[in-house]
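As you go down the protein sequences, you meet chains D and L in turn.
Mapping the first sequence onto our numbering, position 1 (from 1) lands on 1, and the numbers just tick up by one.
Mapping the second sequence onto our numbering, position 683 (from 1) lands on 683, and the numbers just tick up by one.
Heads up, a few of these hints could be off.
Examples of chain D residues toward chain L, derived with CB under 10 Å [unchecked claim]: (1) 18; (2) 23; (3) 26; (4) 28; (5) 52; (6) 62; (7) 69; (8) 72.
Mimicking DSS-like on lysine-lysine, the simulated pairs with C-alpha atoms at most 30 Å apart in a straight line are [what the hints assert, rightly or not]: (9) D:101 / L:629; (10) D:104 / L:362; (11) D:5 / L:545; (12) D:82 / L:362; (13) D:82 / L:545; (14) L:670 / L:464; (15) D:84 / L:209; (16) D:102 / L:545; (17) D:82 / L:446; (18) D:75 / D:112; (19) L:515 / L:654; (20) L:629 / D:5; (21) L:392 / D:82; (22) D:96 / L:642; (23) L:646 / D:84; (24) L:464 / D:96; (25) L:659 / D:84; (26) L:11 / L:69; (27) D:84 / L:642; (28) D:96 / L:534; (29) L:205 / D:84; (30) L:209 / L:197; (31) D:104 / D:84; (32) D:75 / D:102; (33) L:642 / L:492; (34) L:446 / D:75; (35) D:112 / D:5; (36) D:84 / L:670; (37) L:545 / D:96; (38) D:82 / L:642; (39) L:362 / D:5; (40) D:84 / L:492.
Rather than coming from a laboratory, the hints here were simulated on the basis of the structure.
The model shown is predicted, which means the values in this text are computed figures rather than measured ones.
Even for Gly, the Cβ is constructed at its ideal location relative to N, Cα and C.
This is what each chain is made of:
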Amino acid sequence: MLEIKNIKENNHDILLLEGEVDASNSVELDSSIQQLSEEGATVILVDASGLEYISSAGLGVFMSYLEDFQERNVKMIIFGLKEKVHQVFVILGLDKLMNIKKSKEEALEEVK
Amino acid sequence: MIKLPNPNIGKVSLLVAILTWLALLFVDITRIFGIINQMESGVSPDVSFVLEIIFFITVYLFYNYTISKSEDNDFLNLIWRGASTGLVASGVSILIGFFYSLLGESKLASDLLLKNFFYHVNFALITLFLISCSLLWKHLILYQKSKNVVKQWQLFEILLLVSMFFIFFNKNSLDYSFLFGLVILTVFSISLSINLKWIPYLTFKEKWKSILFLAIIILSTAYLFGQILRYSESDLILVNLTDNLFLIGLFSFVFFYSLFSFLVTLFNLPTSSVFEQKLIEAINFQRLSQSIKPGQNENQVLDILIDSSMSAAYADAGWLEIKDPEGQSFFLHERFVEKDSTHQLYRHINALKPFSNFDWEKTGNENIIYQGRIEHNPYKSALVVPLVINQKTLGRLYLVKEVKDGFNKEMVNIISTFVGQACISVENYRLLNEAIKNERYKEELKIAQRVQRSLLPKTLHHDKSFEIAAFSVAADEVGGDYYETYPLGPRKFAIIIGDVSGKGTSAAFNMSQMKGIFHSLVQLNPSPAEFIKKANSALGLCLEKNHFITTSFYIIDTDQKTITYSRAGHCPTLYYKSAQNECDYLSIDGMGLGILRSGLFDNYVHEKTFVFQQGDVMLLYTDGIIEAKNESGTEFGYERLKTVLKSYCHLSPKQIQEKIISDVYQFIGKTAIMDDDYSMVVIKFK
Chain D
1 MLEIKNIKEN NHDILLLEGE VDASNSVELD SSIQQLSEEG ATVILVDASG
51 LEYISSAGLG VFMSYLEDFQ ERNVKMIIFG LKEKVHQVFV ILGLDKLMNI
101 KKSKEEALEE VK
Chain L
1 MIKLPNPNIG KVSLLVAILT WLALLFVDIT RIFGIINQME SGVSPDVSFV
51 LEIIFFITVY LFYNYTISKS EDNDFLNLIW RGASTGLVAS GVSILIGFFY
101 SLLGESKLAS DLLLKNFFYH VNFALITLFL ISCSLLWKHL ILYQKSKNVV
151 KQWQLFEILL LVSMFFIFFN KNSLDYSFLF GLVILTVFSI SLSINLKWIP
201 YLTFKEKWKS ILFLAIIILS TAYLFGQILR YSESDLILVN LTDNLFLIGL
251 FSFVFFYSLF SFLVTLFNLP TSSVFEQKLI EAINFQRLSQ SIKPGQNENQ
301 VLDILIDSSM SAAYADAGWL EIKDPEGQSF FLHERFVEKD STHQLYRHIN
351 ALKPFSNFDW EKTGNENIIY QGRIEHNPYK SALVVPLVIN QKTLGRLYLV
401 KEVKDGFNKE MVNIISTFVG QACISVENYR LLNEAIKNER YKEELKIAQR
451 VQRSLLPKTL HHDKSFEIAA FSVAADEVGG DYYETYPLGP RKFAIIIGDV
501 SGKGTSAAFN MSQMKGIFHS LVQLNPSPAE FIKKANSALG LCLEKNHFIT
551 TSFYIIDTDQ KTITYSRAGH CPTLYYKSAQ NECDYLSIDG MGLGILRSGL
601 FDNYVHEKTF VFQQGDVMLL YTDGIIEAKN ESGTEFGYER LKTVLKSYCH
651 LSPKQIQEKI ISDVYQFIGK TAIMDDDYSM VVIKFK
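Hey, can you work out the whole structure from these sequences and the hints?
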């Protein structure tokens, strides 16, 4: 089960993820990011504090936007990752490429 | 033992009847000779009466047999049989009368012998006609059998049988007892004559024909009855065979039933078409409800639908509008309208209220029927019924008529039933097709599964310095886990384990790409880091944007007793060091293949070498094992795997693998569904 909420806070787009991202619902995550990207968002904050699990298909969604966002200068920051989920990012090496912050404050600091 | 011949009742009774009639003739002629020659023949009238009764019974048996045996028992045929017998009997009687009128006052005209001979012929024909008619009526009366009617008929037959013997008491005099018997038979005949349930099943044309035949029967009956009365008044007849209660009773029965049938059929004529229509509707309904047979398609059901609906509503024109899966409307089965005028009429109808209220997207369309007036020459009223399958509107049925308010409640009801049934048939057909398709997909997946299993190695290369065991199982029919070994030299082996992102078919395809890349690159004898870099650049060209592959690549050199490895985003390998009796994950940085598809990737590739010792165990696995969850949502996890390996490290690789897998299964519990692929390779050094 995955629930995605799109919140606008102080001009920032925050994507609130809750539950688990797996092969069956990774498309929803993809379309949410796609939508923000099409709306011209320059900063996308992903609140992953409610994320219990992410499968390879879910990681693939984040991965697929890396190059595109870098070219267009779009900042995507993930924060609040649980230790277990963070570990998945680390093992895959995605922590080296993605902007991962511990907390929302750190993430907001980054985009000031 | 003498074999008794199986008697044919029809033939036997016919033969006996003819013989009886001849005997009757002979007895009477003997009596006449006796009178002419003034001799007492000594034959009492009772002999004639006994023969007469035998004749009646055998004729009755004969007709009962032939009618029940006859195959062609439709109503019209039955009535025609009666009418034709009546025609023959009256015809012969008329001919005899004509013959006598030719004779005039000649001597022959008053000849006793000739007169009596013709009387016997007439008697026989009248008996045949009456008995055959009665039995035909029996057939019609018992068309819709009920216990009461059958009982009534049986009682009537008994009464008839009794009436045959009445002659012995009554001696041919028209007294009160005769009249009493006749009244009873007549009352019974009339009460039987109300059983006319066969009439509504005749079509309009058949009704006309049956009216004609019944008229023939009535006229024949009346004429023959008159004939009998004339005979009984004549004094030339010695033994009166026809003033018999049985025969007169039959006259009354045949006459009343014919009369009733005649009148009822006549009055049924105007409403005949309604019954016919209902019958056609019932048949159409049955045709619609029969599921579509193999080789047919939805079109045939829709074809029956428009025909049935048009005939039910007496519509002057009609067609179907069907939406194809792309949402394009097209017309189907146009009846009595030209293509161009269909479009004009279609636009005209849909611009008018209430037809314009229709909404394709709305649910519950199946309960809405649109009808109203239109002004499109020559059509004045229209009816539109939506075809709805599974809450989705598939199309619409259009019917138009040249009269105002041409669709009454009954028509609308029957048409909506037709439409409902047609929709069910179409839905069943689609479901069946889908089921067949799914079955085919399943077969295809089974093939894919076989192919993919063959991509995993059957033999694992090693030498006497280490033992190796491997295991893989997919959550779906096909999976994305991969492992393989390759001998780089006599004492040098490459080992790879990989996991493709996603699962199912797409993962399986990417896994086979990985296998191809492994086999191409390993030929070049690369170092683990080189292998990972080259594999990334190769995969970067062929993997979809959001797919990646994690892998670990090992080179075991049993001469040097070294292991060199590199990790590309794959789960860190678990290593048991026998010297320290400790398990640990081999930590090294690395990024999954396909994540970064530029040259920058090479910066993230690392390589390490270490020395192995006897008793060391290396466990390569995929993330399915770590992420295996039990009912409460807890993962198997890295720590548990560590503990498990340590406790089994003294076993052989095959045993270790089996123990770990059984521990994982035990952990997730029987009810849990496996939702990822599990694979592992266990190596133990000697």
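Now the hints, each set against the structure:
1. Against a cut-off of 10 Å between C-beta atoms, the interface hint on residue 18 of chain D is violated, since the closest Cβ of chain L lies about 15 Å away.
2. A distance limit of 10 Å between C-beta atoms decides the matter here; for residue 23 of chain D the minimum to chain L is near 5 Å, and the interface restraint holds.
3. With 10 Å as the threshold, the beta carbon of residue 26 of chain D comes within range of chain L, its nearest partner Cβ sitting at about 8 Å, so the hint holds.
4. A least Cβ separation of about 14 Å between residue 28 of chain D and chain L goes past the 10 Å threshold, and the interface hint is therefore violated.
5. Taking 10 Å as the C-beta cut-off, the interface hint given for residue 52 of chain D holds, the closest approach to chain L being about 8 Å.
6. The beta carbon of residue 62 of chain D is positioned within 10 Å of a beta carbon in chain L (closest approach about 9 Å), and the interface hint is therefore held.
7. Because the smallest distance between the Cβ of residue 69 of chain D and any Cβ of chain L comes to about 13 Å, over 10 Å, the interface hint for this residue is violated.
8. Violation of the interface hint for residue 72 of chain D is found here, the shortest Cβ-Cβ separation to chain L being roughly 15 Å, above the 10 Å cut-off.
9. As the CA atoms of residue 101 of chain D and residue 629 of chain L are separated by approximately 27 Å, the hinted pair is consistent with the 30 Å bound.
10. Taken as a hint, the residue 104 of chain D and residue 362 of chain L pair is broken in the structure, with Cα atoms around 45 Å apart against an allowance of 30 Å.
11. Annotation: proposed proximity of residue 5 of chain D to residue 545 of chain L holds, straight-line Cα distance about 25 Å (limit 30 Å).
12. For the hint linking residue 82 of chain D to residue 362 of chain L, the alpha-carbon distance of about 45 Å lies beyond 30 Å, and the restraint is violated.
13. Between the alpha carbons of residue 82 of chain D and residue 545 of chain L the distance comes to roughly 26 Å, so the proposed pair stays at or under 30 Å and holds.
14. For a cut-off of 30 Å, the pair hint linking residue 670 of chain L to residue 464 of chain L is broken: about 38 Å separates their Cα positions.
15. Distance hint between residue 84 of chain D and residue 209 of chain L is unfulfilled; the C-alpha atoms sit about 93 Å from each other, more than 30 Å.
16. Of the supplied pair hints, the one linking residue 102 of chain D and residue 545 of chain L holds, its CA atoms being roughly 27 Å apart against a limit of 30 Å.
17. Taken as a hint, the residue 82 of chain D and residue 446 of chain L pair is broken in the structure, with Cα atoms around 39 Å apart against an allowance of 30 Å.
18. The straight-line distance between the Cα atoms of residue 75 of chain D and residue 112 of chain D is roughly 12 Å, inside the 30 Å bound, and the hint therefore holds.
19. Restraint check: the Cα-Cα separation between residue 515 of chain L and residue 654 of chain L comes to about 24 Å, which is no more than 30 Å; the hinted pair holds.
20. A hinted pair counts as satisfied when its Cα atoms are at most 30 Å apart, and residue 629 of chain L with residue 5 of chain D qualifies at roughly 26 Å.
21. Between residue 392 of chain L and residue 82 of chain D the CA atoms are separated by roughly 44 Å; this puts the pair beyond 30 Å, and the hint is violated.
22. Taken as a hint, the residue 96 of chain D and residue 642 of chain L pair is honoured in the structure, with Cα atoms around 27 Å apart against an allowance of 30 Å.
23. With a C-alpha separation of about 23 Å, the suggested pairing of residue 646 of chain L with residue 84 of chain D holds against the 30 Å cut-off.
24. Taking the CA atoms of residue 464 of chain L and residue 96 of chain D, the gap is near 41 Å; set against the 30 Å cutoff, the hint is violated.
25. As the CA atoms of residue 659 of chain L and residue 84 of chain D are separated by approximately 26 Å, the hinted pair is consistent with the 30 Å bound.
26. Among the hinted pairs, residue 11 of chain L with residue 69 of chain L is consistent with the structure: their alpha-carbon atoms are about 13 Å apart, no more than 30 Å.
27. Pair hint residue 84 of chain D plus residue 642 of chain L holds up; C-alpha atoms about 17 Å apart against a cutoff of 30 Å.
28. Annotation: proposed proximity of residue 96 of chain D to residue 534 of chain L holds, straight-line Cα distance about 20 Å (limit 30 Å).
29. Of the pairs offered as hints, the one joining residue 205 of chain L and residue 84 of chain D is violated, with about 87 Å between alpha carbons and a cut-off of 30 Å exceeded.
30. For the hint pairing residue 209 of chain L with residue 197 of chain L, the CA-to-CA distance comes to about 17 Å; that is within 30 Å, so the pair holds.
31. Annotation: proposed proximity of residue 104 of chain D to residue 84 of chain D holds, straight-line Cα distance about 18 Å (limit 30 Å).
32. With a C-alpha separation of about 16 Å, the suggested pairing of residue 75 of chain D with residue 102 of chain D holds against the 30 Å cut-off.
33. Using a Cα cut-off of 30 Å, the hinted pair residue 642 of chain L and residue 492 of chain L holds, with the two alpha carbons roughly 28 Å apart.
34. Between residue 446 of chain L and residue 75 of chain D, the direct Cα distance comes to roughly 45 Å. Violation of the 30 Å bound is thereby established for this hinted pair.
35. At most 30 Å may separate the alpha-carbon atoms for a hinted pair to count; residue 112 of chain D and residue 5 of chain D meet this at roughly 23 Å.
36. A distance of roughly 25 Å separates the Cα atoms of residue 84 of chain D and residue 670 of chain L; the hinted pair therefore holds under the 30 Å criterion.
37. For the proposed pair residue 545 of chain L and residue 96 of chain D, the alpha carbon gap of about 18 Å is at most 30 Å, so the pair holds.
38. Restraint check for residue 82 of chain D and residue 642 of chain L: the C-alpha separation of about 22 Å stays at or below 30 Å, so the hint holds.
39. Restraint check: the Cα-Cα separation between residue 362 of chain L and residue 5 of chain D comes to about 29 Å, which is no more than 30 Å; the hinted pair holds.
40. At roughly 37 Å between alpha-carbon atoms, residue 84 of chain D and residue 492 of chain L are farther apart than 30 Å, so this suggested pair is violated.
Of the numbered hints listed earlier, those contradicted by the structure are 1, 4, 7, 8, 10, 12, 14, 15, 17, 21, 24, 29, 34, 40.
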